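Enquirer: Chain by chain, the residues:
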Amino acid sequence: MKSFSVRLIVVLTVLTGVNYIVWRWLSSLNWDAWWIAVPLVAAETYSLIDVMLFGMTVWRLKTRTPPAPAPADATVDVFITTYNEPPELVMATALAAKKIRHPHSTWILDDGDRPEFRELAAANGLGYVTRSAEWSGMPRHAKAGNLNNALMQTEGEFLLILDADQIPEPDILDKTLGYFNTRKVALVQTPQYFINVPADDPLGSQAPLFYGPIQQGKDGWNAAFFCGSNAVLRREALMQLGLVGYVKETEKSIRRALSASQAAIRKARKAAANESALLQQTLDEVEAATLEARRQLDAGESLSEITYRARRRVDRAVQALVSADVSALQADLEEIAAMSPVEIGDAGVPVVTEDAVQRMAARDWSPLGAIESVQAVLDALSVERTGEAQPVMPLATISVTEDMATAMRLHSMGWQSVYHHEVLANGLAPEDIGTMLTQRLRWAQGTMQVFLRENPLVQRGLKWGQRLMYFATMWTYLSGFAAVVYFAAPIVYLLFGVLPVTSLSADFFVRFIPFMVVNQLLFAVAGRGIPTWRGQQYSLALFPTWIAACTTAARNVWFGRPLGFAVTPKDRQSGGPGWSLIRPQIVVSVLLVLAAVVGIGRLAAGMSEPIGTLVNVIWVVFDLVVMSILVRAVRYRGYQGSDSNDAADSTIESSKERAVRAPELQSE
Amino acid sequence: MLLSYKVNDSYAVISAAGRLNMVSAPKLREMVAEVVAAGSARIVINLAETAFMDSSGLGALIGCLKAARQAGGDLRIAAVQPQVQMVLGLTSMDKVLTSYPSAAVAFGDD
Chain A
378 MKSFSVRLIV
388 VLTVLTGVNY
398 IVWRWLSSLN
408 WDAWWIAVPL
418 VAAETYSLID
428 VMLFGMTVWR
438 LKTRTPPAPA
448 PADATVDVFI
458 TTYNEPPELV
468 MATALAAKKI
478 RHPHSTWILD
488 DGDRPEFREL
498 AAANGLGYVT
508 RSAEWSGMPR
518 HAKAGNLNNA
528 LMQTEGEFLL
538 ILDADQIPEP
548 DILDKTLGYF
558 NTRKVALVQT
568 PQYFINVPAD
578 DPLGSQAPLF
588 YGPIQQGKDG
598 WNAAFFCGSN
608 AVLRREALMQ
618 LGLVGYVKET
628 EKSIRRALSA
638 SQAAIRKARK
648 AAANESALLQ
658 QTLDEVEAAT
668 LEARRQLDAG
678 ESLSEITYRA
688 RRRVDRAVQA
698 LVSADVSALQ
708 ADLEEIAAMS
718 PVEIGDAGVP
728 VVTEDAVQRM
738 AARDWSPLGA
748 IESVQAVLDA
758 LSVERTGEAQ
768 PVMPLATISV
778 TEDMATAMRL
788 HSMGWQSVYH
798 HEVLANGLAP
808 EDIGTMLTQR
818 LRWAQGTMQV
828 FLRENPLVQR
838 GLKWGQRLMY
848 FATMWTYLSG
858 FAAVVYFAAP
868 IVYLLFGVLP
878 VTSLSADFFV
888 RFIPFMVVNQ
898 LLFAVAGRGI
908 PTWRGQQYSL
918 ALFPTWIAAC
928 TTAARNVWFG
938 RPLGFAVTPK
948 DRQSGGPGWS
958 LIRPQIVVSV
968 LLVLAAVVGI
978 GRLAAGMSEP
988 IGTLVNVIWV
998 VFDLVVMSIL
1008 VRAVRYRGYQ
1018 GSDSNDAADS
1028 TIESSKERAV
1038 RAPELQSE
Chain B
27 MLLSYKVNDS
37 YAVISAAGRL
47 NMVSAPKLRE
57 MVAEVVAAGS
67 ARIVINLAET
77 AFMDSSGLGA
87 LIGCLKAARQ
97 AGGDLRIAAV
107 QPQVQMVLGL
117 TSMDKVLTSY
127 PSAAVAFGDD
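Top to bottom, those sequences are chains A and B. Heads up, this note's numbering is the position in the first sequence plus 377, with the first residue counted as 1. Heads up, this note's numbering is the position in the second sequence plus 26, with the first residue counted as 1.
Looking at chain A on its own, in the form it has when it is part of the complex (with noise of 0.2 Å):
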């Protein structure tokens, strides 16, 4: 009944929202001012598109009934993943690991290297990793990198990963193991639940609408995700994501090697056109043996079978080099010798043995190495992935948020996921502006940098639905350049009367009605009345850490910029108010609220119409309340402690992915 109350209300959503979207872009744009009309109906149809990505999560929202108990003997390794955070947060969450019922191993993963955490690990029992020797001068990888590095050094079937202020319940295993009865089963996640936040949320830190339908929605199509903490894993798919992984890698150095092996040679050739003949030679074999190579990767033979080949070939012809250069000397030697022998040495020409030419030919004394280009080409043909402190990383490395995109390789090699909606562990949330938005760029950026490195809509192994639950994710970090546009348009019309739509008639009205007032039932019935409101309001307000995001990470994955900027707490660490983070925002409000008094003047002054300002100062209204919350975000002093024990009914919304379909065309 429910599912079928939803699914009508969704259908109703897509017939009003499409209703109204081709309407508005074939008979209602004012072209006199299509640069306000156009990017108008564009975040317009971002927002619809965004509605109906919800709508489609909900169609199978999955409420799952426990499952069997978990298998006894199933083995688990229980990470606390650390790297700066205080010994008194960690331990409380490393003890209360320890108190998790089924039989595991609790290991704090240090980041850090801190050696009083070594010892209270000690002291207490507990397991202690930090990053082994062969991370030292590589790249580090973050919390993925931290995990990845763990897994080499633990061997429990199961993983459970908590973040250091995750304070896990003592049942969470033997609630949440059972699901790992069914073999295709990898990943097992629970919500992220803050006991930090009051229930007004002014930084609006819980999600329940994520926690909550989305992901159940999600978990309906297979595409429940990883979100990093409070989840729990298993070992095998992780290795095997790990290997697969790294064959790909090695096969793309590989390819990309032998394709620059050309261009390298070539350029070898020139600057060595006036040296000995042998040089010649020996390039030549080296071209041969990379052609060689290529025909064989082509075939789709074994690449250690084809690097050793090639490797072999190579050597060889260094040998031939080496040997030359030896038999020249010791001709010299002799000539020497003619001359004068006595000043050559007591037993004669010495002769430079066998093992001494090998060794000379060796890699890191081979001649060849003098050109750079060809020992480039040469040092890539390998399988030992030279550039990474471990050859196999099951976490994914492509962003900064490692859980996405493990989620998402999971899924396209054909394995389960599971969303458990059940609270089973306690964490903190951030209790100051700066943080909080330092952590929503992290994400957005994180999310952003999967959506361009490994887009889900092409990847293959997916289902149609799982590419689209991911890409439904990415897509809500779209909405700050759409937020623009909506604080804009209103600005336009009250400020110099141009309105992007032709005019405000009853067409206009019978068909964005029906469909605003769906929409909202949409979110009524799916949230099953979670508020949703703060979420509204901070997916907009955010705007600029949105656009931040996408234009941060895209400058990252395509030309390889670091992603910096961030936002620093440091006006909370100093005292005052954090206002300066806020200065677009600020702009912007300063700039609605001009806007309606000069509209209101226009109209007195009859120089614009009543509906059409009506319409446009309500607007104004609308953003104006959205905005409020940050006045109420800078000002929060961290929580009290004091007004929120069921903070689960607090009126708030995700953090993560924000439910903000409704707002923007409501404010239309």
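Be aware that a few hints might be false.
[To be verified] When the alpha-carbon atoms are kept at most 20 Å apart in a straight line, the in silico DMTMM-like pairs for lysine to aspartate or glutamate are as follows:
| no. | chain 1 | residue 1 | chain 2 | residue 2 |
| --- | --- | --- | --- | --- |
| 1 | B | 92 | B | 120 |
| 2 | B | 32 | B | 100 |
| 3 | A | 629 | A | 675 |
| 4 | B | 92 | A | 712 |
| 5 | A | 647 | A | 664 |
| 6 | A | 629 | A | 682 |
| 7 | A | 476 | A | 409 |
| 8 | B | 121 | A | 731 |
| 9 | A | 475 | A | 540 |
| 10 | B | 92 | A | 711 |
| 11 | B | 121 | A | 712 |
| 12 | B | 53 | A | 749 |
| 13 | B | 32 | B | 60 |
| 14 | B | 121 | B | 100 |
| 15 | A | 644 | A | 756 |
| 16 | B | 121 | A | 711 |
| 17 | B | 121 | A | 732 |
| 18 | A | 475 | A | 532 |
| 19 | A | 475 | A | 462 |
| 20 | A | 475 | A | 493 |
| 21 | B | 32 | B | 56 |
Note that these hints are calculated values from the structure, not bench results. A quick note: this is a predicted structure, and the numbers were derived from the prediction, not measured.
Mind docking chain B on chain A? Use the hints.
Expert: Below, chain B without anything else, positioned relative to chain A:
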């Protein structure tokens, strides 16, 4: 590799900085030939800044020794670094080319 030379009263010092390898070895040979042709057959090669040498580099050193001896002089090496020392030891060429602590003392005995 950067090569430079300086002629003293009784001998010439060639300083070699960088990697003495297949690419730079011919340049060393040329410079020694040039110095010998200019009349200085007693040559010290200062290897203080030569961190690496391959078989071609070694061949060049011996070739230069021959050139110096043919001109009636000698060639000595100074301030040898670890990798170069390893190559010399491995090939027994340390018996032919004695290394001196510094260029200044290489011809100190005569």
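Enquirer: If a hint holds in the structure, say so; if it does not, say that too.
Expert: Structure-based check of all given hints:
1. B:92 to B:120: Given pair residue 92 of chain B, residue 120 of chain B holds - Cα atoms ~15 Å apart, limit 20 Å.
2. B:32 to B:100: Holds: residue 32 of chain B and residue 100 of chain B sit about 16 Å apart, inside 20 Å.
3. A:629 to A:675: 12 Å, holds
4. B:92 to A:712: Holds - the C-alpha atoms of residue 712 of chain A and residue 92 of chain B are around 7 Å apart, at most 20 Å.
5. A:647 to A:664: Holds, at roughly 14 Å.
6. A:629 to A:682: Cα-Cα ~16 Å, so holds.
7. A:476 to A:409: Cα-Cα ~69 Å, so violated.
8. B:121 to A:731: 18 Å, holds
9. A:475 to A:540: Distance ~15 Å between residue 475 of chain A and residue 540 of chain A Cα, so the pair holds.
10. B:92 to A:711: Given pair residue 92 of chain B, residue 711 of chain A holds - Cα atoms ~10 Å apart, limit 20 Å.
11. B:121 to A:712: Distance of about 16 Å is within 20 Å: holds.
12. B:53 to A:749: 18 Å, holds
13. B:32 to B:60: 12 Å, holds
14. B:121 to B:100: OK: residue 121 of chain B and residue 100 of chain B at ~15 Å, within 20 Å.
15. A:644 to A:756: 17 Å, holds
16. B:121 to A:711: Holds, at roughly 14 Å.
17. B:121 to A:732: 18 Å, holds
18. A:475 to A:532: 17 Å, holds
19. A:475 to A:462: 19 Å, holds
20. A:475 to A:493: 19 Å, holds
21. B:32 to B:56: Within the cut-off at roughly 15 Å; holds.
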